Amino acid sequence: MTNNTFGTTTESVMHRDDIMGPGHLACAGCGIIPMLRLLLKVFGRRTVVVTPACCYAVVDGPFPYSAIGVPFMHCAFETAAASAAGVRAAFDMRGIPDVNVIVLAGDGGTFDIGFQALSGAAERNENIVYVCYDNEAYMNTGIQRSSATPLGAWTTTTPEQAPKAESKKDIGTIMAGHRIPYFATTSMAYPEDMLAKFEKAKAMSGFRMIHYHCSCPTGWKADSRDMIGLARLAVQTRAFPLYEILDGESWQITVDPEPADLQEYFRIQGRYRHIQPNQLTEIERHLDKEWKTLSRKASAPESSGR
Amino acid sequence: MTSPKPVAGKGAFQDSGVVKSVASMDWNPTGSWKYLEPFYEDWFAPCSHACPAGNDIVTWLRFVEEGRYQEAARSLLNFNPFPATLGCVCPHPCETPCNRKALGGAIAIQSVERFLGEYAIEHDVMPELETSGSGRVVIAGAGPAALSAAYFLRLRGYDVTVLDRPAGPQTGLLSIPAFRLPRRIVEAEYDRLRRIGIKFEESGPDAPRAPFSLNGHSAGLVANLAEPETEAIEGLHHPAVLDLVRLLDMTRHGSGLPSGRRLAIAGSRNDALDLARSLVREGHEVTVFCRDAKADASFSKEDLALAAEEGVRVEFLTAVCRILFDGDRLQGLICARTRNVAGPVYGRAPIRIVGTEFTFEVDHLVTSLPSPKNGSPFVDASTGLAPVFECPDSLDSASLGSAVSNGRKVAAEIHAHLSGAAQPAMTPVELRGVGEEIAKFKDFNEAYFRIDPGPSRMWRDRGERLRDFDDVRLTLSEPAIRREGSRCFKCGTCTLCGNCELFCPDNSIVLATDGSRYEIRQQYCKGCMVCVEECPRAAIHSRRAGVSVETR
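Each protein sequence line maps, in turn, to chains P and X.
Those letters in the first sequence? Residues 1 to 306, per the numbering used here, in order.
Those letters in the second sequence? Residues 307 to 858, per the numbering used here, in order.
Chain X on its own, in the form it takes in the complex (with noise of 0.2 Å):
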């Protein structure tokens, strides 16, 4: 340690009018005392860490905080095509980690986005467009990751051209009946694809399609959908039985429905759900036997319990097998509960038990049919030398996150291909630079947070949901919602709130000079800890100090 010649006039005393006699002390590297030092990092937040679009949550609750919903709505964009929609249908896992559980229940984070789409769809909010990529990109299907690749492309600069079927792009997402997703935001959300400039082209009205040429492009991408799977079922050839996914399109225009009035649907996807909710809509009383657990099927919970509550009757681990007819009528399914068995081989398929067969009478059975290969449309490798992708899609609604993140991801890849910059598809969180840590509420302060109740009655009342196919949730309005970016946490993530600043007995810690972060001076902390523990969001972090200490 070597103290300079004090000279007199010179540092803090300067400018006091006062006395001028000595030095300041901060030639003395105290940062040389420690044992551990602090370090901010954010760490992830549990609800975007469990989200499967990989949403930056935080961030945009941070600014429904403040009332600014712009950029809330854009941040949200950025990485999202489709807000609104899942703000309607994600079965929004992102919900059940949240720490506010602890304090109030969990943050209504659905209601939010779903809110942040619809003041996109409003105000008319677009997503940034870049200019990095060019070149022709032609994507083969329209499912949701099939347009979330576009959108990403397209917003990357890449010309994009969307495949599909005659009907347009809606029939994916239209599927979903309006109680869940009302049409008007499908429409706008499809809408908003072709405003910033993707092209969609019919593939033909017949199928199967021809092979589309990649003359003139620079990538093709394949998203075909995934064909639902059929179930084994002796006799599904008989007219009383009828195709899911049909009448699931047909319950939407309301004609066509089974005159019949007690009807079972057999399967496992919430597909199978949304029909039996809008056929109890109709007047049907409906049965729906799964295959798997209740723990094993892609039902949503949420949804679960809404079909539940509205009359719908489920049936897990029960498989129809034999369909019992008397000419063109249908007299009753022969059905057998299952086990799943676990393994290498069987993988999660169940296994029907001897013995537990019963007869359950109904008018219709509705399932999956085996389609006609109506072909999704492919691409003829022949036509030129552009490289192809592929990436799954699915029109399951409790998968729309993955699906919009797996979209995201091949239009990553196609753009480190066709730009020859290697780069990982990044969620928005880890483009903020996360840490690998999920922030739990252990490692908060408890002192800085209250109870806060949020939300309680998020949907209409049974009765009145059943009469009409008007969306079942009540939306949140404008003060809630804003109420919800205050209960917020902001797990992990530093605002700013400046409490170490504040407490930090050593001078140690600055705002950097563009007011957007806090910095530590390592060559003063003598590494109290204080600021690691009065932080209340766990956004600052001790370890072992540093072998050398800065010293000037």
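So that you can see chain P by itself, here it is in the shape it has in the complex (with noise of 0.2 Å):
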């Protein structure tokens, strides 16, 4: 008997024993933690997390306690991607090759700060697990902004009068040109597709990126309640669509939501209180136009037959 809301692949993973333990130091209401025992309960006890400077760097707990219930080794922020290949590496060299090695790091460990090293790993195509948990600043250092912040985003150094003028880094894209085997976007609110999309990753190997939009209620300012409904509003606006890239060039919207308003999303958002009118237009104008590429990107046929 299934009562699941989303189904069955949700329904056997969440009843699979957790391996994340409680009393972790997450805010109220923070989107990892859900996620994070979900990708645990996917990937096995048999796995080592590499994580920089961010917010789980704090929330697993003072040294030498450790709430994630798996070897997890902290590293300097702009290393992640290195250091998790070097796990790998050793893990290869005394002969053992079924250790899940991932990466859980933030947007400004990914998108800025960690960069270069995460571009070096995909190019690479290191046998790694890569999931960043996007909550859209540095949020742990004070709500900074970073390059995955989406555009018109009130942040400590984006003010209200001088929001951010720049669009969200398209990180996807980025990845797609490094040719890593797979790369997807997740949400919490789409568990069912977010399952799916570990479980194809740790079928997997070589570098394998999870891009988690990760609701921040300290952050955005919002509702520690609304959790979950921002993460589904994120996906029903397409401020944060739903797809996978397996290649670098085979493009798969995986969700295709029932729309919903932006302002909607806004609403419920402090970070976003002072939008004017002309400002959602632009916004949104904005995100259809990245829909439209999206999608043509996800409809072309898969090879040009040259």
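Just so you know, these hints were derived from the structure itself, not from any lab.
Values in this document were obtained by computation on a predicted structure and should not be read as measured data.
All C-beta atoms, glycine included, are put in the ideal place defined by N, C-alpha and C.
Some clues are possibly wrong.
Partial list, derived from the structure: chain P residues whose beta carbon lies under 10 Å from chain X [unchecked claim]:
{"#": "1", "residue": "D18"}
{"#": "2", "residue": "M20"}
{"#": "3", "residue": "G177"}
{"#": "4", "residue": "P181"}
{"#": "5", "residue": "S224"}
Per the computed footprint, the stretches of chain X lying under chain P, defined by three or more beta-carbons under 8 Å from a beta-carbon of chain P, are [what the hints assert, rightly or not]:
{"#": "6", "stretch": "330 to 344"}
{"#": "7", "stretch": "497 to 508"}
{"#": "8", "stretch": "795 to 803"}
{"#": "9", "stretch": "827 to 838"}
For lysine to any residue, the following SDA-like pairs were computed, each having C-alpha atoms within a straight-line distance of at most 25 Å [to be verified]:
{"#": "10", "chain 1": "P", "residue 1": "K41", "chain 2": "X", "residue 2": "Q828"}
{"#": "11", "chain 1": "X", "residue 1": "K748", "chain 2": "P", "residue 2": "D261"}
{"#": "12", "chain 1": "P", "residue 1": "K41", "chain 2": "X", "residue 2": "Y824"}
{"#": "13", "chain 1": "P", "residue 1": "K169", "chain 2": "P", "residue 2": "P150"}
{"#": "14", "chain 1": "P", "residue 1": "K221", "chain 2": "X", "residue 2": "S338"}
{"#": "15", "chain 1": "P", "residue 1": "K202", "chain 2": "X", "residue 2": "E807"}
{"#": "16", "chain 1": "X", "residue 1": "K748", "chain 2": "P", "residue 2": "N3"}
Both chains come to you apart, so use the hints to assemble them.
Here is the structure:
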């Protein structure tokens, strides 16, 4: 008997034993944890997680405690992908091939500070899974803008009078340019889709990247109870489309949601409180354009047959 | 906050087989951070709240959704002696407040009840018999409430005897015409009463009947049928004036029907509509005069609409005052408009408005005639020391649900008296332990529900209906019934959908070891309320955090 709201995959995965434990230091309503719990349930106990400076580096607990339940390595901000590649190399040298090496990094450690290490590891097709939980700013240092902060959003370094003028960096296209075997965007509001992508990534080898849209009630100035509602609206308004890219060339939109009003998404977040109607229209136009670009890539024939 | 000394090789890391170095964080009671705390509490579904018989509709719809009809029928039978009958004639107030209305129309609850009732008949599903009660109870009267009391006492394990008129218990509900309540259904449901061991005895062919003796019984119950109210009409003794109950009985046998074509019925209960609809099928032209306003009459809305469609005229706020006759022939009626007077003195009694009289030509008038006190059976309290209980009863099909509920309540009283255990009559929903609140659509998370239209056709076409006395209702097929089960929101009821567990950022929601419910580890819950927000159907709620947080 299944009463699960989302589907059989979600049901079967969520009833596996929790690897991650409680008592961690995340804010109430943190979007990292539900994703991380499922990620670990999919990848299992034979997993090592490497984390640069980011929210989760704090959330996990002060040394020698750790909530994550698997071996956990802190590394310098700019080195997550390189450190993970090193852990993988060490396992390979010792003849232990069956341990999953996962990077868990924020958007700062991925889009900005850790970018060269990420690019290098991707280019070398290191056999790791890189999970970026993207809460769209440097949250644990005090909500400073990152290159993942979306157009028009408030942060402490993009104040209301001068909200972010640049759009979110298109990390998917950049990673596709590295021709990595797998790249996927995920959202906690669509767990069935997310788990399918985790399973797919687990079944592959080489450089796999998961880009998770991570609700941050603290940094987005939203009610913690809306954590999932925000994630859902981000997908529905196409502010964060769900898609995957195989081998850098085969694009697929995996969830084509019922559309929702961008205003509804903005209304429940303090970081968009300053948005004026003309700005809203501008942002809507920008998101439409991005969606069209994505749709075009997703509908392109797989081989050009030259 | 005291943290334990980390011990190498302990905790979650022991079985990873990779590295053993650190200890977990589960010593950290993050529950102390919260201002609000979530708690589970099932709330009333609006359907159950509106059900006069107190049925736990959500529970059987959950079984129906999974195709577990046997369990659904049994859970229904445990609290309802006549599910198929009620599935035919109940005016289903349950469907009016259904939250599904907002997204595709109310659940066809009555059709599901009928389906389960018929399933129980066909597959011989029986209610669960207990043995907690012992003793003999004698019940005078065999109306729906009396039979309901008999049923619930029997389920408790009592030896129950029902005293009835010689025709047997069927006389009660069988007066409802077959196009509303197929005969085989009533017969099968009465038969079930016998089969669970209720004894029926005739209390004598002649009225008034002898009082029944309490000798050898532990308790008695008198459940007399309410005598139909007689309207004050001049000239009621005329032979062209017919008794409503008798005529209803005649239409059932198809004999002794009036010869005149035009008939007027004075009455404001559903049986007046039943008779009108029967007579229309026999080719008569029928007008019903109801003294009450439409809102006050005890007609079921649905039957009223069907009657109108079938050609019955209903005049509200109109009273028959006087009968005009010429020898044996009835010439016409003097009628007058009425108005309702609300107030402590008059209650709802309508008052005729002077000057509004008009003449109405008919061949016959049908109304409830004063019946000779043919006597309901009564108890001679001097024959024994056993206590005698009383319970109102009525044959009005619109209040059958209340009759079932009254019977259950008095049965609980009798059981409490005889067993010495003070047990209030609880509806199945109350027994399930629901809170006092009713789950409303605004309490739900709309993201989890889509528009899903319900069955569109419920009735046979008018022309076809008028040709016979067969059931006017179209029964839903098994897949359609099952669909109703899945369309049901299960308002206010935890279905273990798992959203709360899935989304909890603090690993605070865990399935109980027996798998029957979720529990909250308040010592870790930081009070984000994501679980409350993402519960589709208002089964988890928030309140101010308790003063003390368990810290192990």
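Handout entry: Interface hint compliance - P/M20 to chain X, C-beta minimum distance less than 10 Å
Key = Given a least distance of 7 Å, the restraint on P/M20 holds.
Practice task
Classify the hint on P/S224 as holds or violated, based on whether any CB of chain X lies nearer than 10 Å to its CB.
Solution key: Given a least distance of 4 Å, the restraint on P/S224 holds.
Exercise for the section: Can you take a look at whether the stretch 330 to 344 of chain X is actually covered by chain P? Rule is 3+ residues, C-beta closer than 8 Å. Expected result: Coverage by chain P holds here, the residue count being 9 at a Cβ distance below 8 Å.
Practice task
Please work out if X/K748 and P/D261 have their alpha carbons no farther apart than 25 Å.
Solution key: holds (20 Å)
Practice task
Measure nothing beyond the straight line between the CA atoms of P/K169 and P/P150; if it is 25 Å or shorter, mark the hint as holding.
Solution key: Holds, at roughly 8 Å.
Problem - Evaluation of the interface hint that places P/P181 against chain X, nearest CB under 10 Å - result: violated (24 Å)
Problem - Verdict on chain P covering the stretch 795 to 803 of chain X, where coverage means 3 or more residues with a C-beta closer than 8 Å - result: It holds: at least three residues are needed, and the stretch 795 to 803 of chain X offers 3 whose Cβ sits within less than 8 Å of chain P.
Handout entry: P/G177 as an interface hint toward chain X, with CB separation required under 10 Å
Key = violated (34 Å)
Handout entry: Hint consistency between P/K41 and X/Q828 [alpha-carbon to alpha-carbon, up to 25 Å]
Key = Holds - the C-alpha atoms of X/Q828 and P/K41 are around 23 Å apart, at most 25 Å.
Exercise for the section: Would you check the hint for P/K202 and X/E807, treating anything up to 25 Å between C-alpha atoms as holding? Expected result: holds (24 Å)
Problem - Annotated coverage of the stretch 827 to 838 of chain X by chain P, confirmed only when three residues or more have a Cβ within 8 Å - result: As far as the stretch 827 to 838 of chain X goes, the hint holds, because 8 residues have Cβ atoms under 8 Å from chain P.
Handout entry: Restraint check, 10 Å cut-off on beta carbons, for P/D18 near chain X
Key = holds (6 Å)
Going through the hint list in order, the structure does not satisfy hints 3, 4, 7.
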